[in-house]
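> Now for the letters of each chain:
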Amino acid sequence: MNRIIAIAAIWVALVALPWWLPLIGGYTALGSKVLIYAIATMGLNVLLGFTGGLSFGQAAYFGLGAYGAGMTLKYLAPSTPLAILIGTLVGGAAATLLGPLVMRRRGIYFAMITIAIGQLFYFIMVRWNEVTGGEDGLAGFSRQDIHFGPWLYRLDETNFYYLVLLGFTVAVAVMWMVLQSPLGHTFVAIRENRRRIEFLGVRVERYIWAAFAIAGFITAFAGTLNALLFNFTSPQDLHWILSGNFVIMIVLGGMRSFFGPLIGVIIFVVAQDYLSSITGNWMTFIGMIFVLIVLLFPRGVLGILARRVEVR
Amino acid sequence: MQLLLFNAFNGLIQGVFYALMALGLALILSLNSVINMAHGGFLVIGAYLAYALSPYLGFWGALVAGPILAAAIGLAVERLLIRPIYKRTDPLYSLLLTFGLALIVEDMTRTIWGPQGLPLEIPDVINSPVSEVYFFVTGYRLFVIVITTAAVVGLYLLLRYTLLGIRIRAGINDLETTAALGVNIYRLRALNFGFGCLFAGLSGVLAAGVLGLTPPMGNSLIMPSFVAIIIGGVGSLFGAVVGGLIIGLAAGITTTYYPAASEAVIYLMMLIVLVVRPRGLFGEEGLFE
Amino acid sequence: MTNKLPSVSRRTIVKAGAALGASAVFSPAILTYAQGETPIKIGMHDPFTGTYAAEGESEKRGALMALAEINAKGGMLGRKIELVTEDDAANAGLAAQKAHKLIEQDKVSLLMGAVSSATALSVNQVAHEKGMIYMVTGGHTDPVTGAQCHWTTFRICTTTYMLAAGLAETLYKKFGGKWYFITPDYAFGHTLQESYAKLLKKMGGTVLGNSLAPLGTTDFSSYLIKAEQSKPDVLINLTDGQDLVNSMKQAAQFGLTKKFAIGGGLSELEVLRALPREAKLGWWTLEWYWNQPNTPHVKEWVAAYQKIYTDGTYPSARTWFGYAGLHSLAMGVAKAKSLDAVKIARALEGLELPPEIKLQPNKVYFRPGDHQLMSSEFPGEVIQDGTYPNLFKVAEIVSGEKVALPVAETGCKLDYKS
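Chains as they are written, first to last, in the numbering used here: chain A, 1185 to 1496; chain B, 284 to 572; chain C, 19 to 436.
Okay, chain A solo, but in the shape it has when bound (with noise of 0.2 Å):
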């Protein structure tokens, strides 16, 4: 029951946020970077922290999300609905064929042959000078108003922030389903006991690779509403810093939460907005926090709490 009334609160807070947020020196666009990163690491999450499968290329389908909307905005159709399903296509099914390479793999080689995927696809981007734009980044398209019927919905700044809210609402309802059916139930029994799984006649393979392209598809779908966010997407949206800082946002939340990765988006992205307007420093700054999180809190932020939220 507690937990209901605080997932009301925090929809509440969402739903109310573009007034608040300026009242506190955020903005709007702020609030529709931590959810889409939000949806992003949660996607990640449901991989990393739920089947323990630790990848850090994730920001591949991030990226394959983003330029796949925006090339279909700029030489396909003006359309910010078909953009965001076909972003999400290109990058789930990226994931999704590539799942097999991957789920073999444990532990390190894990990360590692998932930091190789990701770099392939990274320097593609950088170097189809013609088609990307390359270093330079993908720019000349923008999201384009929706027509349902007779009805405008026009995308400024605060609609465009409703539309990201829509986004998270479906992806974590999507998300918690997932996890609290069988599929689910058997991702955490892989992360707490792989071996036993495999005797028990469970081919733990598939299962990874379902986490995989499950994963794959929902930051893909985060990537596209990136890219329409600022109409702008460029190859640092692929880069292995940028999944790395995934990871990371998921460690600092806590990883075996569900909402954990919200925390950790929460306190990355606003430390890095509000500490490097006021200091030239902020590195040091948000090093720091990384580390006194490590030290003072060993699961994480939300870590303490875990036990209640996790899923069983």
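Worth flagging that the hints you see were computed from the coordinates, not collected in a lab.
Treat the hints with care, since some could be wrong.
[To be verified] Now the stretches of chain A that chain C is said to cover, found in silico as 3 or more residues with beta-carbon under 8 Å:
(1) 1208 to 1217
(2) 1306 to 1317
(3) 1455 to 1464
[To be verified] With a Cα cut of at most 20 Å, we get these calculated SDA-like pairs of lysine to any residue:
(4) A/K1258 x C/K216
(5) C/K125 x A/G1210
(6) C/K244 x B/P542
(7) C/K249 x B/L287
(8) C/K148 x A/N1377
(9) C/K435 x C/H146
(10) C/K148 x A/G1324
(11) C/K216 x C/D251
By construction, the Cβ of each residue, glycine as well, lies at the ideal position given by its N, Cα and C atoms.
Let chain A serve as the given structure and place chains B and C on it in line with the hints.
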């Protein structure tokens, strides 16, 4: 054909840097079980301290002092920050911590020495082409090879013939048994971390002679070094060195035929290795899974 | 030992005239200030961390100088101005985010900044969407005032084409027409190389070959070897920043600098300074240089710079970008007599910079067709044994108007709302 040989040689030089970095990373990964994202930071520390000291000690003195000071700082960092988290089994925590350290080091370097690039002046003796025909073989490049070889041979002898070295190898093989035999593994791990940072510092000074100094200079070397470890095989120090040389060579050869892919090729190689033979060339099966 | 920059905090909200600022805070009269008395804020994004931090710092210093001068003369529309600076870390996504922050949170009225081309393009999108004037200081890529130009965007630094055209003729006349190219493999490099090749063919020379080097290449030996084998008159090295430092060092180590002339595209005082002695050579284009004995106001300006920044540095082209950028905005607002973006844009079109701001001989103005500033190129040779700041000998100051592509060929169609 001649061009190919030239490029292969150049790739090998690049590979020497990767090998030196990878060796330090592999030491720390194997015994300390830490994925040291701050390794590039120790490279920067070594390079900048050498730069700062070279007016007083000369190039040669700085070449020795830079890495040693980097190792000393490494020892302090290990004692204060890394040791408290050895008991956490998940390597993600040390990764997060060292990533934070890397940010701090880059920022402090910029605050102290400024954001602009700085040149490390190299003595003329080792800075000119060795011969007119093979103009690409400069003294400095040979010098880098000689120093690296000496460092690698030195580490080999240390691991092979000294008590400390034997303990480090034993610790890499089986930390629990080594501890049970009465070896102080905290000290062992601390010294090992120091050695890793020494190698990072050395590659920093050597790289500064070719690339100059900038605060983010370590960032571009760190990921190829991880690639070198995977290709050489996790758990094998020899593999890390060979892996570094191989990816350097591969990048050099690719440059001859298709320059646009010269960076991507090492990730392609890593992908193939991980699909076909995940333990790499010389690694053991199942380490760090 | 080193030239540590004074610790100006990022995003300093600079209130010019500290005494005046203090009295305003402590005086109860602040309550009676009319709306017109609140300062006008100008948002600046630039990299203060990462690879381009030195260039970003220079641009900020120039802008701060302009800020003090503008406020000393009564500000904009009778109101004081403030500069709000944000670190974009040369990351395009972060730059766009910071642009939103400047607009929505800090309520700035005008935008300026950029060193990296990608950040210029991403903020270009944001500024256009918000209908806000954006003065690009650095960021050389052609689309900013070409295929992706917007009515809101103006640019101080020159286009890649202008960089090439500024130097090509000098090199051709001096050394001959057989050229080999080393080109960084991204949009900026490609455009620059194509511009050079076009110009070279027009003059009657030949392209012996072109090596594409990925951005961030540390080892240029293979390209240098290919170049050496083709026996060129001139090796055109189009790399920039750290890549330029690396390639020139290696060319010097290989002894190639004694075999043929080496020239290139853009160089910068910040880059030349980082070169070791043996690599300080070749022919390049600067976009501004502090040593112009025959140009009025330059000496005074350099002296003014050094009075504020006492770390022994000299102003670079980047410093001038920041300086000219903020002054241009102020002049545009003054001419428009309004903060309305369309009016400012119209006022800036054709606006000519006065001698004390342009700090160079030729006519310098914003071209109405693409909003590109027609500022000069400074082709010349690096002084081998020069010590900072005497690193460059300007051969000629080429008028920007003479070397820019005609508007019709830039691909720019300004998108004013009708």
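> Hint by hint, say whether it matches the structure.
Verification of the supplied hints:
1. Coverage of the region 1208 to 1217 of chain A by chain C holds. Counting CB-CB distances below 8 Å, 7 residues qualify, and the rule asks for three or more.
2. A count of 4 residues in the region 1306 to 1317 of chain A with a Cβ less than 8 Å from any Cβ of chain C is obtained; the coverage claim is therefore met, three being the minimum.
3. Taking a C-beta to C-beta cut-off of 8 Å, the region 1455 to 1464 of chain A contributes 6 residues in contact with chain C, enough for the three needed, and the coverage statement holds.
4. In summary, the hint linking A/K1258 to C/K216 is not supported, as the alpha carbons are separated by about 30 Å, beyond the 20 Å threshold.
5. Taken as a hint, the C/K125 and A/G1210 pair is honoured in the structure, with Cα atoms around 12 Å apart against an allowance of 20 Å.
6. A C-alpha spacing of about 13 Å is found between C/K244 and B/P542, which places the hinted pair at or below 20 Å, so the restraint holds.
7. Restraint check: the Cα-Cα separation between C/K249 and B/L287 comes to about 19 Å, which is no more than 20 Å; the hinted pair holds.
8. As the CA atoms of C/K148 and A/N1377 are separated by approximately 53 Å, the hinted pair breaks the 20 Å bound.
9. Straight-line distance between C-alpha atoms of C/K435 and C/H146 comes to about 11 Å, which keeps the hinted pair within the 20 Å bound.
10. Note on C/K148 and A/G1324: the hinted pairing holds, with a Cα-Cα distance of about 15 Å set against a maximum of 20 Å.
11. Among the hinted pairs, C/K216 with C/D251 is consistent with the structure: their alpha-carbon atoms are about 17 Å apart, no more than 20 Å.
Checked against the numbered hints above, the structure violates hints 4 and 8; every other hint is satisfied.
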